[in-house]
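Q: When you get a sec, could you build the whole thing from the sequences and use the hints?
Here is how the chains run, residue by residue.
2 protein chains.
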Amino acid sequence: MIGPRPVTIKDVAREAGVSYSTVSRVLNGYPHIHPDKRRRVLEAVDRLGYSVNLQARSLAGGHSQVIGLIVHDLGNPYTAQVVQSIDEALARAEYELVLHTTHGHHHKEAVYVDILTRGMVDGLMMLIPLGPTPYLQQLHERRFPYVIICDHQQYDDFSPTVSTTSRQGAYDVMRYLIALGHRRIGFITGRPDFISAAERLEAYKAALAAYGLPLDPALIYTGDYQYRAAYTATNALLDLPQPPTAIFAANDLSAFAVYDVARSRGLRVPDDLSVAGFDDVPQSAYMHPALTTVRQPLLAMGEAATRLLMDTIADPSRPAERIVLPTELIIRESCQPPAHSERPFKPSAQPKGE
Amino acid sequence: MIGPRPVTIKDVAREAGVSYSTVSRVLNGYPHIHPDKRRRVLEAVDRLGYSVNLQARSLAGGHSQVIGLIVHDLGNPYTAQVVQSIDEALARAEYELVLHTTHGHHHKEAVYVDILTRGMVDGLMMLIPLGPTPYLQQLHERRFPYVIICDHQQYDDFSPTVSTTSRQGAYDVMRYLIALGHRRIGFITGRPDFISAAERLEAYKAALAAYGLPLDPALIYTGDYQYRAAYTATNALLDLPQPPTAIFAANDLSAFAVYDVARSRGLRVPDDLSVAGFDDVPQSAYMHPALTTVRQPLLAMGEAATRLLMDTIADPSRPAERIVLPTELIIRESCQPPAHSERPFKPSAQPKGE
DNA sequence: ATAATAATTGCAAACGTTTGCAAGACCGCT
DNA sequence: AGCGGTCTTGCAAACGTTTGCAATTATTAT
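Sequences listed follow chains D and X, in order.
Residue numbers for the first sequence, in numbering that gives the first Met the number 0: 0 to 353.
Residue numbers for the second sequence, in numbering that gives the first Met the number 0: 0 to 353.
Any given hint could turn out to be false.
For chains that are exact copies, the list does not tell them apart, and a pair is met inside one copy or across any two.
Claimed, not checked - DMTMM-like, lysine to aspartate or glutamate: derived pairs with alpha carbons at most 25 Å apart:
#, residue 1, residue 2
1, K107, E93
2, K9, E140
3, K204, D271
4, K204, D72
5, K107, D45
6, K36, E140
7, K9, D113
8, K9, D45
9, K36, D314
10, K204, D314
11, K36, E14
12, K107, E42
The hints are simulated quantities; they were obtained by calculation from the structure and are not laboratory data.
A: As structure tokens, this is what we get:
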């Protein structure tokens, strides 16, 4: 790289006729500066087009104004949305974003955490679908500011987290389906090693139990949040001697697969088969019929996480706050009472354990 | 931030019984090192769990191993896909990614370029839908490695670029539609200030002209690549006294809006209205009917751009390479010959100006 | 006026690394 | 044994900034 030597703090100092430490202090909002010199410095900065070298600032013990974000997979809309809102919130707070994707390789997390927290960033946000890990303990002990974003609530007790009531969301879907009169509800799970998948499965079972419905293991098919697996799952479910009248897919993408299988078999949604998803990705509203699903407050999650991290950076020893954001059942067109039910099933007024 | 002082190169040196410069050289693959010392250093690194401080390395004139990526908007699937593939390619090359979104604010680009190229990154990638700008000229003069990614080809003559034959792609759609027998083809444009939008509009007109079809301005409706505008556009198009038999939307998202409007009016796609999109976002294959569209090689674009940037970093004065990747017409189910055409229109064997 | 206090400033050290330079060790030759 | 050369190695300077310390100057209270 060639060309004009970048202008440094010393150039500004010379131009303004002050020492370079004064320039630094002006730039960092240090209180006791003579107004006259402050003005001269600011003018020189402007004239020379100076901007700070973040590496040097960070090395010298200042802040880097950079936040690290580690995500599991950029490819799905869920992540993309959260990342976007974090990015926007961070931009407002004048922070840069260093993005790291583990591409599903769990073991890379620790490596990235190590690289990033080694002076490169002022704080860390992690959007990972798995449970607590040893490096969080270290981070906590080092008082390094970080925030966990997840869609499940089960976590350690020292990490600041932003999560959603997604377990409740899954429960809500089930309650809705049951209230419509469905008694055989198929469930396509998420990727089993993700805690969110386990939580939704739990909710499925809990709702069944609460309303006194039998749990038929044949109705539960293990997916992985991807289209392919859900496609297979749906076929298996519909091939059952006693197929379900409704299918609850652990995420919207899986629900799309249910749509397609239904269509390929000449089944109409919702007339012949009710379908519910989870996440409310933008596409879900455009599908036909529009998908009934659970909305996760993705934008709010990113914003809350950013705010939480900013607070933690401001005071690294503040107690870990845990923000839980509400999910919302979005009722659209993909569910109706089952074809051959005489009347919608009325759940008892007060189901146990809700 | 508290806790154990991070282990530095000096700690490693002490542990291995060598000088710290030797450690640095080992770590940077310097050739003339005694095998014995190299081993001792590597062992010490392992034992102490050392990893380099990128700020310091970068400050001292080394490489930061960080690449900056400036995108216009993370929210759309197009960008998300390209970013993902860049991220993967970069990870393979052992680079970090600093991501910047301008959120559509054109003027922020220059600011981000300035911040990032000020030592923070070794190279820059820009995914921006607009034309050449002054800061590119500067970057070029400074010999700072950068790559432009765009889906249009018109650019300056010194910037390394990765682009697609998207103009040809639009032309292909039109040729296909015309070959099916459509004579009144509606066009919903992209955001007018994006060059890609202008290129596609040009292609639309060029195809019409090449096949001797009249250009009816009423059939061209200005959109902005978003759902909302396309929805309005479709309604306007279908309200025409002589509505089109096919609609070509400048991107898939807009095509989805066409689907919905058609549905809301009781029109069947493709029986009553043919629809074609552009981009081939993943969702397009799942729609019903599956959308005929133009696939942009998003993954290949990310990879090519990364490779190009790596090459440029290795030799900053190499001549600007321009990679043009082919688009591909993906014929699915959303188009068929118009309802009332007696027979498919046969374009002359050799249309002019193709 | 004078002492005490507060505001303002500059110097120099530090942050963790890379790298030019020079010195020492080692090699194969004659 | 002595010479020129190539390997290895360590020292020290540099990268651009922040910040503790001490010195200087302005302000206030007595």
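Q: Now, for every hint given, state plainly whether the structure supports it.
A: Hints and how they fare:
1. In this assembly of identical chains, K107 and E93 lie within 25 Å of each other by CA distance solely across copies; the values are 12 Å between and 28 Å within a copy.
2. In this homomeric assembly, K9 and E140 come within 25 Å of each other (Cα to Cα) only across copies, at 24 Å, whereas the closest approach inside a single copy is 38 Å.
3. When the C-alpha separation of K204 and D271 is checked against a cutoff of 25 Å, the pair qualifies only within one copy, where the shortest distance is 24 Å, while the shortest distance between copies is 45 Å.
4. For a Cα distance limit of 25 Å, the shortest separation of K204 from D72 qualifies neither inside one copy, at 28 Å, nor across copies, at 40 Å.
5. Proximity of K107 and D45 under a CA criterion of 25 Å is satisfied inter-copy only: 17 Å between copies versus 42 Å inside one chain copy.
6. Taking CA atoms no more than 25 Å apart as the test, K36 paired with E140 passes in neither setting, with 42 Å inside one copy and 34 Å between copies.
7. Taking the shortest Cα distances, K9 and D113 sit within 25 Å of each other only across copies (18 Å), while inside one copy they are farther apart (33 Å).
8. In this homomeric assembly, K9 and D45 come within 25 Å of each other (Cα to Cα) only inside a single copy, at 14 Å, whereas the closest approach across copies is 39 Å.
9. For the identical chains of this complex, K36 and D314 are neighbours neither inside a copy (31 Å) nor across copies (44 Å), given an alpha-carbon limit of 25 Å.
10. In this homomeric assembly, K204 and D314 never come within 25 Å of each other (Cα to Cα): the closest approach is 42 Å inside a single copy and 60 Å across copies.
11. Within a single copy, K36 and E14 get their C-alpha atoms as close as 12 Å, which meets the 25 Å cut-off; across copies the closest is 48 Å, which misses it.
12. For a Cα distance limit of 25 Å, the shortest separation of K107 from E42 across copies, 21 Å, qualifies, whereas the shortest one inside one copy, 46 Å, does not.
Hints 4, 6, 9, 10, counting from the list given before, are not met by this structure.
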